[in-house]
Amino acid sequence: MKRLLLVGVAAAALGCFEPLVPNHDPTYPFADQFGDVFHWPADRLPVRFYAEPRGNLRALLTAAVDAWQRQFLYGEFSGTIVNDSTAADVIVRWADSVPPDAPPDNGPPVKACGGVTQGVLDSSGAAFAGPFETQIQILTGTVFTAGQVQACVARTTIHEMGHALGLLQESPDSLRDIMATTPKVNQPSDGDRRTIEALYHTPPTLAPPPR
Amino acid sequence: MAVDRRGRSVGSLAVAAAGLVVSLAVRPPVLASQVSLHAALGARYNSTLVHDSIVMPLDVRPAIGPALALSSDLPLAGPWQLELLADLGTSPLERHDADGSTARITRLWTLGLAVGLRRQLHPWLDGRFAIGALSYLPAQSVGLFSNGSGGVIPYGSLAFDAAPAPLARHHLALELAGDLHKFLTPALRSAGFTESRVVYRISAGVRIDLMGSK
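Protein chains in written order, with the working numbering: chain A, 1 to 211; chain B, 1001 to 1214.
If you are wondering where the hints come from, they were derived from the structure by calculation, not from laboratory data.
Where a beta carbon is used, it is the ideal one built from N, C-alpha and C, also for glycine.
Misleading hints may appear alongside valid ones.
Claimed, not checked - Distance windows between CB atoms, simulated: (1) A:53 / B:1131: 25 to 35 Å; (2) B:1099 / A:120: 28 to 38 Å; (3) A:173 / B:1068: 43 to 53 Å; (4) A:174 / B:1131: 47 to 57 Å; (5) B:1043 / A:21: 48 to 58 Å; (6) A:139 / B:1047: 47 to 57 Å; (7) A:96 / B:1047: 55 to 65 Å; (8) A:121 / B:1109: 37 to 47 Å.
With the hints as extra help, turn the sequences into a complete structure.
Structure (structure tokens):
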């Protein structure tokens, strides 16, 4: 009996060991220029994303949502792709032309595309009035291969979804972060992860659009 | 080719569990008369799996949930019995923030297989210690389990069964069990955790003699 109890006490002592907590400090600001903070609250998860059916935009959007979802350790964010734009929280479209589907180029990144994400505040200025709208644009004027364009739209879709999740500023780290003004990496970096983690544990000042 | 390590670990546990069942089913008649089978059903508390601080401190731990254990005892020399144990538990995995809010992450299952020694401590009290392998089986590969569950984890457990006469007459006993293991997942390691956390689980319930008990 004593031996068994001793085993239990020794085991309990082991349980007092506390591992070190890693650094989760954000590496760039996530509030907008007015200091407002937005992220999707827990009662609005999963966030509903819609991609127009032209080209491979749905696949690009699915990969982008998945890339961001993987950055969270503790269930702070989840997203789902919906088929109806009227039931979406985030709507993604091509700005004009649709790029041909091709394997993405693995060479040095080129700026073959651009993107913009817009959220309009309601009259109170404290909540978004409607769904976020994202446009992905293929740049013209310089000739790029189909692979270079696909690599660019994949990066840009992840970048724009970062804005839709609440990263309202660009990262100053143009080499490492997907949220740089012109992203050169294919996935969110450690800095992107730390910044969006901190965002989703910061009380927001802006409310999501009504459903 | 991607290798699903979690699937392999779970597969190994499943094979071992199947082996245990088959070995009991095809046991020799002499041994069969000495084997006893038991089930235990109870509620299990889990300590914190992860303590972290993102802006504010937070803890991640499974909620209190049901636990089911099946065990088989074989007599050894002296007062000892060899015990083979299979243990299944489930509960929601939750994040507890410092402001008091709670968010569900996913449903979590655990499957453990262990071998141990049991003996009578008093006429109404048995004690048992065991070592084995434990696997976490999240319902979804999300969050801290997005890159797998960390494979099969060694664990040690201790249990006491109290069977006062009124319960013993009905082949029942009250069981208090606890176990310890270390916890770290690949996703946590990627996020900067370098050391496993020691996790303990405590369960209280009822143990039922199914076959061949004293």
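Each hint tested on the structure:
The hinted range of 25 to 35 Å is not satisfied by residue 53 of chain A and residue 1131 of chain B, whose Cβ atoms lie roughly 56 Å apart. Between residue 1099 of chain B and residue 120 of chain A the CB atoms are about 30 Å apart, so this pair conforms to the stated range of 28 to 38 Å. Taken as a hint, the range 43 to 53 Å holds for the pair residue 173 of chain A and residue 1068 of chain B, whose Cβ atoms sit roughly 51 Å apart. Distance hint for residue 174 of chain A and residue 1131 of chain B: a CB-CB separation of about 53 Å, consistent with the stated range 47 to 57 Å.
Taking 48 to 58 Å as the suggested C-beta distance range, the pair residue 1043 of chain B and residue 21 of chain A does not conform, at roughly 30 Å. Under the hint 47 to 57 Å, the C-beta atoms of residue 139 of chain A and residue 1047 of chain B, about 54 Å apart, fit the expected range. Roughly 56 Å separates the CB atoms of residue 96 of chain A and residue 1047 of chain B, a value that falls within the hinted 55 to 65 Å. For the pair residue 121 of chain A and residue 1109 of chain B, the beta carbons lie near 44 Å from each other, so the given range of 37 to 47 Å is met.
Checked against the numbered hints given earlier, this structure breaks hints 1, 5; the rest are met.
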